[in-house]
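If you want the building blocks of each chain, they are given just below.
Protein chains: 2
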Amino acid sequence: MPWQPITDPTLTTLLDEVHFNSRGLISAIAQDENGEVLMLAWMNREALAETLATGRVCYYSRSRNTLWRKGESSGQEQHLLAAALDCDADCLLLTVQQKGVACHTGRRSCFYQSLTPVGCVELTSPAIAPEELYSTKKSS
Amino acid sequence: MPWQPITDPTLTTLLDEVHFNSRGLISAIAQDENGEVLMLAWMNREALAETLATGRVCYYSRSRNTLWRKGESSGQEQHLLAAALDCDADCLLLTVQQKGVACHTGRRSCFYQSLTPVGCVELTSPAIAPEELYSTKKSS
Numbered sequence: 006m007p008w009q010p011i012t013d014p015t016l017t018t019l020l021d022e023v024h025f026n027s028r029g030l031i032s033a034i035a036q037d038e039n040g041e042v043l044m045l046a047w048m049n050r051e052a053l054a055e056t057l058a059t060g061r062v063c064y065y066s067r068s069r070n071t072l073w074r075k076g077e078s079s080g081q082e083q084h085l086l087a088a089a090l091d092c093d094a095d096c097l098l099l100t101v102q103q104k105g106v107a108c109h110t111g112r113r114s115c116f117y118q119s120l121t122p123v124g125c126v127e128l129t130s131p132a133i134a135p136e137e138l139y140s141t142k143k144s145s
Numbered sequence: 006m007p008w009q010p011i012t013d014p015t016l017t018t019l020l021d022e023v024h025f026n027s028r029g030l031i032s033a034i035a036q037d038e039n040g041e042v043l044m045l046a047w048m049n050r051e052a053l054a055e056t057l058a059t060g061r062v063c064y065y066s067r068s069r070n071t072l073w074r075k076g077e078s079s080g081q082e083q084h085l086l087a088a089a090l091d092c093d094a095d096c097l098l099l100t101v102q103q104k105g106v107a108c109h110t111g112r113r114s115c116f117y118q119s120l121t122p123v124g125c126v127e128l129t130s131p132a133i134a135p136e137e138l139y140s141t142k143k144s145s
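In order, the protein sequences belong to chains A and B.
Quick note: the first sequence uses our numbering, first residue 6, plus one each step.
Quick note: the second sequence uses our numbering, first residue 6, plus one each step.
Just so you know, the hints here were simulated from the structure itself, not pulled from any lab data.
Heads up, a few of these hints could be off.
Computed list of chain A residues with no C-beta within reach of chain B, every gap over 12 Å [as the list claims (entries may be wrong)]:
#, residue
1, Thr12
2, Leu72
3, Arg74
4, Gly80
5, Glu137
Stretches of chain A that chain B covers, calculated by requiring three or more beta carbons in the stretch to come under 8 Å of a beta carbon on chain B [what the hints assert, rightly or not]:
#, stretch
6, 61 to 69
7, 114 to 120
It should be emphasised that the depicted structure is a prediction, and the values quoted were computed from it without experimental measurement.
Glycine is no exception: its CB is placed at the ideal position from the N, C-alpha and C atoms.
Could you put together the complete structure from these sequences and hints?
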């Protein structure tokens, strides 16, 4: 089912229930519809408001200090299917439809390094070469 | 398969690869073997070392500033099946066998508040009353 936009006054009520941390951020886990956990990123109030209103997942980039519409440079967008808040209201679980891959390394999931008794073992190889992931969009 | 303990020198090598934040912490997502995301908590180096060495999940409580062996007061332990590090080495995904419920409210998962156009909707009810969850163990 496509995302049902959340609009005011409900949107503001929900945003007021969220506990953003001292930097104004909340962590957000993205999981696809098959249960695979893809990534963890952060949202500020503005990013969460946009995500809930539009259904297009928008994070807040802590390194670039700006809104980060997932897929804006790589084309690998995330579309929201559901959003849940945890018991402490300080973490979100997003169920998303992931276009292509979530990870900047070209893998479906960011969690590809397994910790084992023989060391760090890569669980998956890139499905798309990282160069390809970013070059195409940059030139367009 | 039961957890294969990770011991030195591999343990130290792995811990050195983890990017703990300025407070010495890393976020850890716990997901059960059926794909349900149960909770997000934090670990410091000591908590992660203990978890990888023993297979019994140990977090770091930011409110109590101490190691928090999941289930130590509630009996609702987590046993590790797998641990994966993300691409930036600043988030862990733990696959766990959850005894009973993960949430302090008595629910299986902490993510029980769905954000919808009509407001916050509870997805699940407590499977165990919170009073019951903590009182039994406290008296023993």
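We went through each hint and held it up to the structure:
{"no.": "1", "hint": "Thr12", "in the structure": "violated (7 Å)"}
{"no.": "2", "hint": "Leu72", "in the structure": "holds (19 Å)"}
{"no.": "3", "hint": "Arg74", "in the structure": "holds (19 Å)"}
{"no.": "4", "hint": "Gly80", "in the structure": "holds (18 Å)"}
{"no.": "5", "hint": "Glu137", "in the structure": "holds (17 Å)"}
{"no.": "6", "hint": "61 to 69", "in the structure": "violated (count 0)"}
{"no.": "7", "hint": "114 to 120", "in the structure": "holds (count 6)"}
Checked against the numbered hints listed earlier, the structure breaks hints 1, 6; every other hint is satisfied.
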